[in-house]
Amino acid sequence: MASTSPQAACVCLRCRRRKKACDKILPRCSYCKSRNLDCRYIESPPLATKPLAKVGISHTYPTVSLLTLPGLNVRASISDQVQQVLLRLSLQQGSNNGELSRPYWQGLHRWLPFLSLEMFDRRMVHFLATQSAEFGVMLLSMILIGRTPPTSADAIDQHSLYLAAKTLLSQLQSCDIGSVDSIKSAILLAVYEYSIQKGDVAFVTLATAIRTAYAIGLDREPTTDQLASEEQHELNNLWWMLVICERYVEAEPLSRRCNMLG
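This note's numbering numbers the first residue of the sequence shown as 41 and each following residue consecutively.
Possibly wrong hints are sitting among the right ones.
Cut-off 20 Å, straight-line C-alpha distance, at most; resulting in silico cross-link-like pairs (DMTMM-like, lysine to aspartate or glutamate) [claimed, not checked]:
no., residue 1, residue 2
1, Lys64, Asp120
2, Lys238, Glu290
3, Lys59, Asp120
4, Lys60, Asp78
5, Lys59, Asp78
6, Lys238, Glu271
7, Lys64, Asp78
8, Lys73, Asp63
9, Lys238, Glu274
Using C-beta positions, here's what the derived DEER-type ranges look like [to be verified]:
no., residue 1, residue 2, range
10, Trp145, Arg57, 27 to 35 Å
11, Arg251, Leu203, 19 to 27 Å
12, Asp240, Ser74, 36 to 44 Å
13, Gln198, His273, 25 to 33 Å
14, Arg251, Asn276, 14 to 22 Å
Source of the hints: derived by calculation from the structure; they are not laboratory data. Predicted model only: the values in this text are computed from it and were never measured. For glycine and all other residues, C-beta sits at the position ideal for the given N, C-alpha and C.
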């Protein structure tokens, strides 16, 4: 009788590296499950080609690609880099990706609840199969802002994790108009930058996120049907979070913001 277990669209990373067959069962293939190993699937999604004027916001969070060179998939490269950082964090802290994000939900989220935990949990399951670059960078940003700075010399320190998340987000922004997840990442990074007294840097990060929000239509009034959806509720919160953060950072006295950079 054929298996009815959900399957990923590609073989897992471990089976790919050992060049063996993989049954692609979610959330872990049979090989990894039998050996109690971490099982990760990395898929290279096709680059979107929709024109900007027709881009909408849906549960798949579409992006518009400006990078059309044949054979060059920057997003897949970013996804691989994200997985390397997440794997190292998981090994160092003995936690899976969901557990690594828990300090964020128990900390900043209580004061600035602009993300939906229910939607995050559902998309985390999807992330295990697709390894979305945008969601992965957002996850790194959440971990950065929620974690306690490590004391071990071998651990990834806060500054290194910040540089990794910031660099990967910049790479995404360099080849795409943007996505909802990239806006979320930018907000989280801006909050972190402000918390370490980099007010001007936070202001620039927010400015980029706001222009991205305009580009994908986040500022548009939702229809009556959209207002009732959980996704639209999160999008509304995201827009107002941008407005609040931008005005808060902009209100910072220029002299103090300059001192922050010194």
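Here's how the hints hold up against the structure:
1. Lys64 x Asp120: holds, 18 Å
2. Lys238 x Glu290: Judged against 20 Å, a Cα distance of about 12 Å means the pair holds.
3. Lys59 x Asp120: holds, 18 Å
4. Lys60 x Asp78: It holds: about 16 Å lies between the C-alpha atoms, which stays within 20 Å.
5. Lys59 x Asp78: With Cα atoms ~17 Å apart, Lys59 and Asp78 stay inside 20 Å; holds.
6. Lys238 x Glu271: violated, 32 Å
7. Lys64 x Asp78: Since the Cα atoms of Lys64 and Asp78 sit roughly 13 Å apart, the hinted pair holds (cutoff 20 Å).
8. Lys73 x Asp63: holds, 11 Å
9. Lys238 x Glu274: violated, 27 Å
10. Trp145 x Arg57: 27 to 35 Å: The hinted range 27 to 35 Å holds for Trp145 and Arg57, with Cβ atoms some 33 Å apart.
11. Arg251 x Leu203: 19 to 27 Å: This hint holds: roughly 23 Å between Cβ atoms.
12. Asp240 x Ser74: 36 to 44 Å: violated, 53 Å
13. Gln198 x His273: 25 to 33 Å: Roughly 32 Å apart at Cβ, these two residues keep to the hinted range, so it holds.
14. Arg251 x Asn276: 14 to 22 Å: holds, 19 Å
The structure fails to meet hints 6, 9, 12 from the earlier list, while all remaining hints are met.
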